[in-house]
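Fit the two chains together into the complex; they arrive one by one in their own frames, and the hints show the way.
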Amino acid sequence: MSLVRDGAAVAAVCAGVLFFLAGTVGLLRFPDTLSRLHALTKADNLGLGLIVLGTALQAEGILAALRLIVIWLLVLLSGSAVSQLIARLAYRAARQS
Amino acid sequence: MILTLGFDAGLAVLIVGLALWTILAREAFAAVIGLVAFGLLVALAWVRLAAPDVALTEAAIGSGITGGLLITAAARSQPAARSSASDSLSWPMRVVAMVVSMLAAIGLAAIVLLLPAPAPTLAPAAAAHLPLTGLLNPVNAVLLAYRAIDTLLEVFVLLLALLGVWSLAPDRSWGGRPGLAQRADPDEMLAFVGRLLPPIGVIVGIHLFWVGSVAPGGEFQSATVLGAMWVLAAAAGLVDWPPIGRRWLRLVLVIGAAVFLAIGLAGIGISGAFLGYPPDYAKLLIVSIELPVTLSITAILGLLVAGPPSREPNA
Numbered sequence: 006m007s008l009v010r011d012g013a014a015v016a017a018v019c020a021g022v023l024f025f026l027a028g029t030v031g032l033l034r035f036p037d038t039l040s041r042l043h044a045l046t047k048a049d050n051l052g053l054g055l056i057v058l059g060t061a062l063q064a065e066g067i068l069a070a071l072r073l074i075v076i077w078l079l080v081l082l083s084g085s086a087v088s089q090l091i092a093r094l095a096y097r098a099a100r101q102s
Numbered sequence: 152m153i154l155t156l157g158f159d160a161g162l163a164v165l166i167v168g169l170a171l172w173t174i175l176a177r178e179a180f181a182a183v184i185g186l187v188a189f190g191l192l193v194a195l196a197w198v199r200l201a202a203p204d205v206a207l208t209e210a211a212i213g214s215g216i217t218g219g220l221l222i223t224a225a226a227r228s229q230p231a232a233r234s235s236a237s238d239s240l241s242w243p244m245r246v247v248a249m250v251v252s253m254l255a256a257i258g259l260a261a262i263v264l265l266l267p268a269p270a271p272t273l274a275p276a277a278a279a280h281l282p283l284t285g286l287l288n289p290v291n292a293v294l295l296a297y298r299a300i301d302t303l304l305e306v307f308v309l310l311l312a313l314l315g316v317w318s319l320a321p322d323r324s325w326g327g328r329p330g331l332a333q334r335a336d337p338d339e340m341l342a343f344v345g346r347l348l349p350p351i352g353v354i355v356g357i358h359l360f361w362v363g364s365v366a367p368g369g370e371f372q373s374a375t376v377l378g379a380m381w382v383l384a385a386a387a388g389l390v391d392w393p394p395i396g397r398r399w400l401r402l403v404l405v406i407g408a409a410v411f412l413a414i415g416l417a418g419i420g421i422s423g424a425f426l427g428y429p430p431d432y433a434k435l436l437i438v439s440i441e442l443p444v445t446l447s448i449t450a451i452l453g454l455l456v457a458g459p460p461s462r463e464p465n466a
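Chains as they are written, first to last, in my numbering: chain A, 6 to 102; chain B, 152 to 466.
Bound conformation, chain B alone (with noise of 0.2 Å):
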């Protein structure tokens, strides 16, 4: 009892400590390191709170593609961010950025705060109707079933931030490859490691995609788990990015949100919802929409890590 207070105090000073360290960190690097170490202690204190589907997330998606992303923002940044505007910031400019936000911290600590004691929840419906979804996973009902024009969402919104990376293009590469031009060494380390992960973590990606249905794991930390894949061994110079003008690889891009997108429709034929699914397939067909949509998050993520296409097509 004193043990798990204590480490749960403990947990909870590291994480104030660190969100602090990484607000005053002066680069734009250390910064970024320190997020990602937050975000992995938050996804620690999320398994305390019994919430495993959510710290899945937070390492996966918090912590470990943001995380990526940010380094690669903040290593093609850095010359401009050594003459950067924070020290020439007027001063009224800096007291108004403190006052707004500490009235954000308030906001939000008051809504926390001023909770009703039970605070309303919908846990028991959401138990309640689990056998008509034909899963075992409330979360994965949540995010497939009750609310999955959220998720469906969420697909079209990973699609937009790839396209607002790929308008950075200039246009002389347009519809070519992204990323330098690199051949494995083979005695590289980076190599060697990128032979050897990648079977396990597929593995690891397909299981947590199928294990979804029952227990903490789903398309999006499974997605994660096989973009990072697919980054490490292009990143090992072992695999290079596809051309983005290819067409097969635009189809598995879209193919997730079309896919979603045609089953939420024929939902309101046959249930008379957007995205209503007969009880008798609803399972059926929550799979053949989590297939797909894995496929398109697992291209999207590695494509964004990779950045803007950067060599001509025909380069």
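For reference, chain A alone in the conformation it holds in the complex (with noise of 0.2 Å):
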């Protein structure tokens, strides 16, 4: 049982890691600032989530788990926000010029 955990783990991290790279790879390589900003939710939200979903299993006891899921969250929050703002500067920014 412990195994099959520790594989689910493991899958769920390095699936996370693959999307902070893509979307670092997305927010270098994008040509502008709303698909940048695109690119670097996905590894946010998914990749955090991902990251999240396989420590939260190697965690000791529910609470642990628990308190990764409310950090998850509240990144969630913030970077949604965060993304939203710069989001609507860059547009009315490129509506002026």
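Bear in mind the hints are in silico, worked out from the structure with no lab data behind them.
Glycine included, each C-beta is placed from N, C-alpha and C at the ideal position.
Please note that the accuracy of each hint is not assured.
What follows is a set of in silico ranges between Cβ atoms, one per label pair, in the way DEER data are often shown [stated by the list, open to error]:
1. Glu-65/A x Leu-264/B: 47 to 57 Å
2. Ala-202/B x Asp-11/A: 25 to 35 Å
3. Glu-305/B x Leu-81/A: 31 to 41 Å
4. Ala-279/B x His-43/A: 53 to 63 Å
Pasting the structure below:
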């Protein structure tokens, strides 16, 4: 049973790392602010979510796992709010020029 | 083993690289962003060094509040920074600056490298006298019992910093509100976050305050989180900054330093030393210092970010 759990944790963390890698490549390579934001939020939302899932499987007790999930939710909230603000600034700047 | 070594090495390389990038950045704003990221990485390094108290402080004060202040400063000095003097700096001056910086770096490195092999430590003494303070977190015992005078002075330094910011106010807006008048747009994203996050942040802040006596946490970290929630609500336009002339505000700002000083002076009569606590009441006295100090630091940090008063008192 612990083997299955460890395997799932490793798979989830690896998948999360992949999302972060793809998000970083997108952040560096995409041409404009909006698509760069798009790449970044994928890393934040899904990448961190998968890493949290993987570490929550390894966490000591349900309380520690819940704490990790709360951290993920807070990052989701701040990430989506900040990207919304940046996107609107970029949109207005693009319309003005 | 190899994994943690690799992680630490990567962290060290990232920290040095980011430090270089921050120094070499041409724009003040980019340099500030670099500094904030640098602070978060350094906090991670403190965690790796098993110093979570320092890590929390670095993240909250070094990265959070300092970063916020510097971003505001960079935004305000943007036009001036464009025509900055950095290009017109003469060559001899640059050489002098380089030599002085290198001397400082070599001196610091020498101090660290020349320490005796088991570095001198007061940790056993701090741990041995922990029961006398009634606290379980030795870091907090150092901050509020053994070296309480340092913490007292820090609170005064913060007050002086706020006075420094306020002294930049033009005469006509003295006693008025800081920041720009703004009303909240209820559909605005920031207003949504400003309503959703503060209840969570206030609970986290109170938790950090309360847990400080047994685990990493304490009044500075707690006050930073609480102050950040105030700044968030104010930035979203949900609450307005108070006019700095209000009596209740002045009272909140000084109550921490005043109570700290009063209990410290009372210690001369009771225990025969400034800031000496009688062991039976140590914990009680420490908590009754921490509570007003947290309140004052929260208000001071929030108003530091708000900046000097910019609106007329009766506007």
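Right, here's what the structure says about each hint:
no., hint, verdict
1, Glu-65/A x Leu-264/B: 47 to 57 Å, "violated (39 Å)"
2, Ala-202/B x Asp-11/A: 25 to 35 Å, "holds (30 Å)"
3, Glu-305/B x Leu-81/A: 31 to 41 Å, "holds (35 Å)"
4, Ala-279/B x His-43/A: 53 to 63 Å, "holds (57 Å)"
Hint check: a violation occurs at hint 1 only; the rest are consistent with the structure.
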